[in-house]
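There are 2 protein chains.
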Amino acid sequence: MKRIALDIMGGDLGISASLPGLNRYISGNDCSDVAFDLFGDESEISRHMAQFPAVSAHTHTVHNTNSNVILASEKPAITVKKGRGTSMFEAISHVADGKADAVVSSGNTGAFMVLSKFLLGTLEHIDRPALVSILPNINGKVVMLDLGANTSCSSTKLVQFALMGQAVAQILLKIPSPRVGLLNIGTERSKGTETLEAAYTILEQIEHMDFVGFIEGTDIANGQIDVVVTDGFSGNISLKTMEGTVKYILAFLKRGFFASLPTKIGYLLTRRVFQALKDGIDPRINNGAPLVGLKKIAVKSHGNSDALGFENAIAVAVKFVRSNFVSSVESALARMKEKPE
Amino acid sequence: MKRIALDIMGGDLGISASLPGLNRYISGNDCSDVAFDLFGDESEISRHMAQFPAVSAHTHTVHNTNSNVILASEKPAITVKKGRGTSMFEAISHVADGKADAVVSSGNTGAFMVLSKFLLGTLEHIDRPALVSILPNINGKVVMLDLGANTSCSSTKLVQFALMGQAVAQILLKIPSPRVGLLNIGTERSKGTETLEAAYTILEQIEHMDFVGFIEGTDIANGQIDVVVTDGFSGNISLKTMEGTVKYILAFLKRGFFASLPTKIGYLLTRRVFQALKDGIDPRINNGAPLVGLKKIAVKSHGNSDALGFENAIAVAVKFVRSNFVSSVESALARMKEKPE
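Just so you know, the protein sequences line up as chains A and B, in that order. Using our numbering, you'd call the opening residue of the first sequence number 1 and step up by one each time. Using our numbering, you'd call the opening residue of the second sequence number 1001 and step up by one each time.
Extracted from the complex, chain A is given alone in its bound form (with noise of 0.2 Å):
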């Protein structure tokens, strides 16, 4: 049986969203091999238990925590130690203690990240772990990473990502020799920041991966990468773009078609092709951001999440438990010769 420890309370909407969002993934999933166990305020948790029957069913323990959310501090060690007691530092610690194999939270990105490298520890060769998001692109999906863990970065920790980030797309997107490109403000080799030219110099070394060199924002979706590595602050920007363009366009489109009769019918008619489109990019449906690097497997869910956001979030930690993801990405960094300093 695996188990996956569920921060309940983490989140902007806190138990309102991950309590019915696990009832969702239950009711639509095969949990045969599956169970949960919940870290949040117990009372909280059995006074809305009662309408999620099938949750009940499944629930493997609840743990009573303390309520508190907790927030990144400016030194990793005071997020540790405020963090104690709370649902997400308790459920973390489950995983370390390895009474589960995985951990979910909508909670604060920075606490989760300090505690999960706290806690489970990272991989041989990897300082810290980054935020990985597999987006849709013309041919299909995309890996990219760091998208905000890591908000400035060295060349190494870059060089680090691409290894995970090829890692990640050879595993759960079956691309032998993913193509991986480092984002940049321009393609030419003479472009960007010095810490950029230096990750060039290493990447372009090393054997077994297919580095494309610089790539700019319009060549993340383009379908000609499968790999996008940069730090997390322009990874956070950028994707949060992505989410913005998505939204800017889809609400230009419908006050347009409801500016006419035809237009409006010819909406009709294409509707299957628009809600194509938005499950496609649906931050909900996309989320679940694993952080790569990291002993045990830590899924971090949008902060904002709803139950289908949540749902989809504990899909991607079964997923990755079922395919034994961590020793996945351990054997394909081995198998690199050459390793960064």
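Read the hints as simulated data drawn from the structure, not as lab findings. All C-beta atoms in this analysis are idealised placements derived from N, C-alpha and C, irrespective of residue type, glycine included. One or more of the hints may lead you astray.
In silico lysine to any residue, SDA-like type, Cα no more than 20 Å apart, as pairs [stated by the list, open to error]:
(1) A:K99 <-> A:T61
(2) A:K264 <-> B:T1151
(3) A:K82 <-> A:T61
(4) B:K1191 <-> A:K254
(5) A:K99 <-> A:K141
(6) A:K75 <-> B:E1188
(7) B:K1254 <-> A:G280
(8) B:K1295 <-> B:T1061
(9) A:K254 <-> B:A1251
(10) A:K254 <-> B:L1277
(11) A:K264 <-> B:P1262
(12) B:K1278 <-> B:R1255
(13) B:K1264 <-> A:P262
(14) A:K141 <-> A:S323
(15) A:K191 <-> B:V1069
(16) A:K2 <-> A:A315
(17) A:K254 <-> B:T1218
(18) A:K81 <-> A:N66
Each pair of labels, with its calculated beta carbon distance range [claimed, not checked]:
(19) A:I285 <-> B:Q1051: 48 to 56 Å
(20) A:I265 <-> B:A1334: 50 to 58 Å
(21) A:A77 <-> B:S1177: 54 to 62 Å
(22) A:A334 <-> B:A1077: 24 to 32 Å
(23) A:S154 <-> B:K1075: 21 to 29 Å
Given the coordinates of chain A, assemble chain B onto it according to the supplied hints.
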């Protein structure tokens, strides 16, 4: 008579985009008060000119230059040295010498930035010009800067961008009190880098500025912000991510529409809406990014501009010249009581 100096050789397509672009502009617009000075290889220009009699009529002079393409060097002094005699350098010099009112070029951004700063000079209190774009959002338009001219920025520069962006929104978008946001990876005050934090502290103390604080990538197009302030690295990545996302969505929809007869019919009925969307976000139609903060008007056209793109960059330059843009920005900046150090 207003005069616009055009770098005819710059950009990926060079003369084969710029001359037809100028022809488009002249054919479609009132040019009774505008003349154009062309800079490029004289023999090449005259060879193409035969096709465009309207251009001949409105072209004041053709200045023969060498046809070397100028790239940005690591050191500005080298860019300046290498630049002499190229069409870009000579076109900018023409404006610096008071012989034209604005310059337009599709050449290398870094070189254009260095040469414009060197030859035209910056306004008081402005260290370096910024590349500005006017982008569509849900309610109208949004000013965004910097888009690539300054890859790393001090807090002082970010504050200067905010002041200049505010002035641009007041002048071009006619918004008396534009809402100014600083692009970050979260809206909480504690998020982001030290540089952003320092810029925040200065901006919130500026009177006569509606500073809304940190904003995220999702806020750029949401209609709640009139001016997006960011360093050139994040700005460029964000802008190009928008372009890539739009391409992705349109490609996705096209594929979906052509998959069945009802969706094909639906597409025909909604075509106008798509055309309006495409026009609104077409980088060619939005082409022409002014370098703001200079003593004269310099407009950067996309490196891969076609004739339509170059036409629109010319339109931006003409509009700025006619509205006395530089002195308007200058007096908007002067009205600010608090100046950054």
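Each hint, compared with the structure:
Distance hint between K99 (chain A) and T61 (chain A) is fulfilled; the C-alpha atoms sit about 11 Å from each other, no more than 20 Å. Restraint check for K264 (chain A) and T1151 (chain B): not satisfied, since their Cα atoms lie roughly 45 Å apart, outside the 20 Å limit. The suggested pairing of K82 (chain A) with T61 (chain A) is violated, with an alpha-carbon distance near 24 Å, which exceeds 20 Å. Taking the CA atoms of K1191 (chain B) and K254 (chain A), the gap is near 34 Å; set against the 20 Å cutoff, the hint is violated.
A threshold of 20 Å between alpha carbons decides the hint, and for K99 (chain A) with K141 (chain A) the separation of about 33 Å lies outside it, so the pair is violated. A hinted pair counts as satisfied when its Cα atoms are at most 20 Å apart, and K75 (chain A) with E1188 (chain B) qualifies at roughly 17 Å. Straight-line distance between C-alpha atoms of K1254 (chain B) and G280 (chain A) comes to about 15 Å, which keeps the hinted pair within the 20 Å bound. Under the criterion of a C-alpha separation no larger than 20 Å, the hint pairing K1295 (chain B) with T1061 (chain B) is inconsistent with the structure, at around 24 Å.
Taking the CA atoms of K254 (chain A) and A1251 (chain B), the gap is near 18 Å; set against the 20 Å cutoff, the hint holds. For the hint pairing K254 (chain A) with L1277 (chain B), the CA-to-CA distance comes to about 11 Å; that is within 20 Å, so the pair holds. Our distance criterion of 20 Å between C-alpha atoms is met by K264 (chain A) and P1262 (chain B), whose separation comes to about 14 Å. Among the hinted pairs, K1278 (chain B) with R1255 (chain B) is consistent with the structure: their alpha-carbon atoms are about 16 Å apart, no more than 20 Å.
Distance check on the hinted pair: K1264 (chain B) and P262 (chain A) sit about 14 Å apart at the alpha-carbon level, within 20 Å; holds. In summary, the hint linking K141 (chain A) to S323 (chain A) is supported, as the alpha carbons are separated by about 19 Å, within the 20 Å threshold. Distance hint between K191 (chain A) and V1069 (chain B) is fulfilled; the C-alpha atoms sit about 17 Å from each other, no more than 20 Å. Under the criterion of a C-alpha separation no larger than 20 Å, the hint pairing K2 (chain A) with A315 (chain A) is consistent with the structure, at around 13 Å.
A threshold of 20 Å between alpha carbons decides the hint, and for K254 (chain A) with T1218 (chain B) the separation of about 18 Å falls inside it, so the pair holds. A hinted pair counts as satisfied when its Cα atoms are at most 20 Å apart, and K81 (chain A) with N66 (chain A) qualifies at roughly 14 Å. I285 (chain A) and Q1051 (chain B) have their C-beta atoms about 52 Å apart, which keeps the hinted 48 to 56 Å range intact. Hint check: I265 (chain A) to A1334 (chain B), Cβ distance near 55 Å, so the stated range 50 to 58 Å holds.
As the Cβ distance of A77 (chain A) to S1177 (chain B) is approximately 44 Å, the hint placing it in 54 to 62 Å is violated. Hint check: A334 (chain A) to A1077 (chain B), Cβ distance near 48 Å, so the stated range 24 to 32 Å is violated. Between S154 (chain A) and K1075 (chain B) the C-beta distance comes to about 25 Å, which sits within the given range of 21 to 29 Å.
Violated hints for the displayed structure, listed by number in ascending order: 2, 3, 4, 5, 8, 21, 22.
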